[in-house]
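Student: If you read the sequences in order, they're chains A and B. Going by the numbering used here, the first residue of the first sequence is number 1, and it counts up by one from there. Going by the numbering used here, the first residue of the second sequence is number 1, and it counts up by one from there.
Calculated from the structure, these hints are not laboratory results. Glycine included, C-beta positions come from ideal geometry on N, C-alpha and C. Only true hints are included.
For lysine-lysine, the following BS3-like pairs were computed, each having C-alpha atoms within a straight-line distance of at most 25 Å:
| no. | chain 1 | residue 1 | chain 2 | residue 2 |
| --- | --- | --- | --- | --- |
| 1 | B | 55 | B | 3 |
| 2 | B | 3 | A | 97 |
| 3 | A | 97 | B | 53 |
| 4 | B | 3 | B | 53 |
| 5 | B | 18 | B | 71 |
| 6 | B | 55 | A | 97 |
| 7 | B | 71 | B | 53 |
| 8 | B | 57 | B | 70 |
| 9 | B | 70 | B | 53 |
| 10 | A | 97 | B | 70 |
| 11 | A | 97 | B | 71 |
| 12 | A | 68 | A | 55 |
| 13 | B | 18 | B | 53 |
| 14 | B | 57 | B | 71 |
| 15 | B | 18 | B | 57 |
| 16 | A | 68 | A | 97 |
| 17 | A | 97 | B | 57 |
| 18 | B | 55 | B | 70 |
Per label pair, the in silico range of CB-to-CB distance:
| no. | chain 1 | residue 1 | chain 2 | residue 2 | range |
| --- | --- | --- | --- | --- | --- |
| 19 | A | 92 | B | 62 | 24 to 32 Å |
| 20 | A | 39 | B | 71 | 26 to 34 Å |
| 21 | A | 51 | B | 8 | 38 to 46 Å |
| 22 | A | 40 | B | 44 | 17 to 25 Å |
| 23 | B | 38 | A | 51 | 26 to 34 Å |
| 24 | A | 110 | B | 20 | 39 to 47 Å |
| 25 | A | 66 | B | 8 | 42 to 50 Å |
Facing chain B, according to a computed beta carbon distance under 8 Å, are these residues of chain A, among others:
| no. | residue |
| --- | --- |
| 26 | 41 |
| 27 | 42 |
| 28 | 45 |
| 29 | 97 |
| 30 | 98 |
| 31 | 101 |
| 32 | 103 |
So the chains spell out like this:
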Amino acid sequence: KNEVEQSPQNLTAQEGEFITINCSYSVGISALHWLQQHPGGGIVSLFMLSSGKKKHGRLIATINIQEKHSSLHITASHPRDSAVYICAASSPFNTDKLIFGTGTRLQVFP
Amino acid sequence: DVKVTQSSRYLVKRTGEKVFLECVQDMDHENMFWYRQDPGLGLRLIYFSYDVKMKEKGDIPEGYSVSREKKERFSLILESASTNQTSMYLCASTLQRRSPFPSTDTQYFGPGTRLTVL
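Just chain A, same shape as in the assembly:
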């Protein structure tokens, strides 16, 4: 069993739909990261959170430390949101190292 698991692995949506991607982890963490990878490879950090909720534009990330679960929400999805979304956990013992989930591939159709 992976220490960081994401669901679903693949997700398709129509433009405008509300999207949720889930991340569960089985290790202690100091922070949970959400990353976005567009076709072509480049990865961008979206959020880093250790409690509560963060919002940036149409993106919202939440974390429940007790349940060891985080969600990434996209409101009013758009085809340009199509990408792979990756969650990663920072270990409290060696936070230079991230433990990555395998990613969720999102496709938003017009």
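Could you slot chain B onto chain A? The hints should help.
Tutor: This is chain B only, laid out in the frame that chain A set:
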């Protein structure tokens, strides 16, 4: 904006060749990382460095070595490339100096190098 660049986007090499992948960051970051990314496995850490001439093994260092002679540059070396090293290689950097205290720093990634070993 932080910029992390990698020497090549695509690279094709033959089995047994020595391969150098270069990564440069322009924001005076302390920490630099090399990952490989494979379908179904996600990103896996090969090596990281928290200072010039310092390096630490990640989860999959076998078959790789690294060099950090200057703060801004971190090189990944495949001494004798093999077909199972065909992968996407990603470099990343973080600002904060390594310390005893947990750091939760944002990682900035390069565009990746897709390496094919024939």
